[in-house]
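Undergrad: Next come the chains, spelled out residue by residue.
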Amino acid sequence: MASSNCWRCLSRPANASLLPLSRPSFSTTAFVAAAPKASTKAPARAKGEKTLRIKKKAFVKTGKPPAPGERKAMRKRIVLSNTNALEVAGMKDLDAEMVDSMVRGEDAVLDGALQSKGETHEDVVGKVVGLKGETVDSLRAVEAFKTTQGWGLFRRPGLLIREESVELCRRMTDAAANKKALRLVIDGEKGSGKSLMLLQAMATAFVKEWVVLNIPEAQELTNAVNDYTPVDGTKPTLWSQNTYTANWLGQIGKANNAVLQNTTMRKEYKLPIPVQSNISLARLCELGARDPDVAWPIFQAFWSEITNPGRRPVLICLDSLSNIMQTSSYRAPDYSLIHSHDLAIVRHFVNLLSRPTSGLPNGGAIIAATSRSHAPISKSMELAIKQSEEKAAQLRGWPGKVTQRDPFEKSYDERADKALQNVEVMRLKGLSKVEARGLMEYWAQSGVLRSRVDEETVAQKWALAGNGIVGEIQRGALWMRI
Amino acid sequence: MKKIAWLPAGLRGNLQWTQCPRAIISNTFPRGPGFQAPKNQFSTSNHLQASIAAPEVRFKNQGSEGDELEGGAVFNARLVPNSASYFTAQPIFTDDLLKLQNILKRYANLPVLKPGDAPRVAWRSLADYRNLVGETVKAAKYSKIVEVLHRLNHIHPSLMPQEVQEALNEYKRDVNPYQNQAKLGHVNTLGKALGVGRRKSSSARAWVVDGTGEVLVNGKTLTEAFGRIHDRESAIWALKCTNRVDKYNVWALVSGGGTTGQAEALTLAVGKALLAHEPALKPALRRAGCMTRDPKRVERKKPGHVKARKMPAWVKR
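Protein chains in written order, with the UniProt record's numbering: chain A, 1 to 482; chain B, 1 to 317.
Here are the computed lysine-lysine pairs in the BS3-like style, where the Cα-Cα straight-line distance is at most 25 Å:
| id | chain 1 | residue 1 | chain 2 | residue 2 |
| --- | --- | --- | --- | --- |
| 1 | A | K429 | B | K247 |
| 2 | B | K282 | B | K192 |
| 3 | B | K192 | A | K433 |
One-sided excerpt, in silico: chain B residues whose CB lies under 8 Å from chain A:
| id | residue |
| --- | --- |
| 4 | E214 |
| 5 | V215 |
| 6 | T221 |
| 7 | L222 |
| 8 | T223 |
| 9 | E224 |
| 10 | I229 |
| 11 | R232 |
| 12 | E233 |
| 13 | I236 |
| 14 | K240 |
| 15 | V245 |
| 16 | D246 |
Worth flagging that the hints you see were computed from the coordinates, not collected in a lab.
By construction, the Cβ of each residue, glycine as well, lies at the ideal position given by its N, Cα and C atoms.
All chains should be modelled from the sequences, with the hints used to inform the complete structure.
TA: Have a look at this one:
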């Protein structure tokens, strides 16, 4: 056998195990047999150990794991149509004319002279109206739809018109007509339709061609998930969230494109980037959305443009108010927590909400909704809401005192107290039986609710849902399959 | 009185008489003149035999002082028991049956009520009767007595003889369950009816008024009070199962226990209050389970156990 190693040199062989001389020549057993066998048994238990240890089977991976971000995308996905659901015949779409007629009907009732010209609000209340394609696109752009709202059950998005929505509609229209700002906090039990009322306000604003700004979830502003930076030359320091603002500007531009692309800039602004004069506001939003670094100054320019006299009314909405009524999770360089009202966007919103003189010369509405399911408890907000309701009750001539603040309570927030000093509160209660019936009939016509809709079933669902809490009616009728 | 019905027959007879002399029994269960308790309570002789069998024989060497007077008389008469039933296996039972049959024979011609029209009476149970007489009475035998009692009970009440009435009374249970009248709830002048219900350690009071189906539990709506839909359904189940959800309003106070217990206590409370408004709903409510209190409670923990029943794990040494 020829070796790969040189016989004559003394260098060590390359492969030692192959060296024939390395094993004893006198052994008759096979070389492999001499090697110690790896024992297949589990190692013996230590002495005195009483517990039985059984090895768990290793987790078998099947299929491909979702790519990064895929799970979140699934979670946040908003489905607005279901091709298996039936088309509801005779469903009207929400348009400007319908809004006007609703308001007219309300006025007629208030005057005590109900003319049956066309459609009065009596006809609309308790009906489900559809949303036009453009409105749906705009609402989707401002993230007005939420994953928990069950839009994916129906052929296309529809809204139940209830007493409160007609009332809100009327007040918004009045505010626009009188060039005043409607400042409102929507409160109510969990599942009573607060976010849906915001959505309704936005839908109304879109069909009436207002400019709509929406903060879909206030906690995104305050829970320190976005980058933030101090704004130069502000004292006390104001903090802008540039990426969020850029994204927000993008949303605003996209949602209000119909209005903004026909509106041109009127004034010159000192902006960090050169901006053409005479560009449309939609273009301005695009510029801001493109570059986070200049987003905040551009937003300021945008705001002063849309609040110029002669522009369209503005609606600005915010959901889950209590998040911005306390300190945020952001930290200043000295590691102190930054108060939510020191964040630029929040400050902007809170100023509008709290300022008694109108910040909207063209009229409009500033509406905030509370959240009762996943939101911090803000004592100041609770107190302000309570006091506001009690004052309103007193104005209507009902007996009762205004609740005073608890002197032993530490967790009041001074700035929140000030901000919410004199806001109006709209409290959402359960649906009336008529409204509940209208909603359930819509479900039945969509083929989602299989049972018969009559007085009895409506009364049962209504009572089980805590006197008509709409979210609970939906839970009991649609999501529970008994 | 101890229950001794399970004992073997011979032992039972003896025990019965030792632990409970006839004098005491006769208070609750008066018997005929043939059944008088023996005068001498401290006698060692068998009382059973004393009452039914022949009078005691006095032998010469017994009771030496008092018996001096008739000392020399020779006793050679044949012993005859008081009752012919002495030679049957169950002498007291046989006597009882014969007595009742005799009564029936005597009053068989009296007018009777239609079957089923007689006042409902709960007769003593078999075990009860066995305990009283201390004999091994079979169910079939006792049913003969009950049969006669039943027939006697149908004699027209206006003509019921005193003797029959007394005989019947002997066999009636101490408490007649058929006389128990359930207390009816009432609706007050304001139209409110109060019902009370309990379950586990919760207790609920519910005031039910005519209305439109609004429910307040401890001042909260149903959704605020109960997170689970199942619990909400339990709370107003009495209304739901009778299709009256939209006819009444409920205002309730609940305390104690957990959510399930509170909800199920409300079921009973609302059911009873509803009954005050509409008594005819009782069968429907009973079928729906809104009438019967569930007596189950948490079982107590025992010493040596981890919980009520759970034992500590077995450990080697």
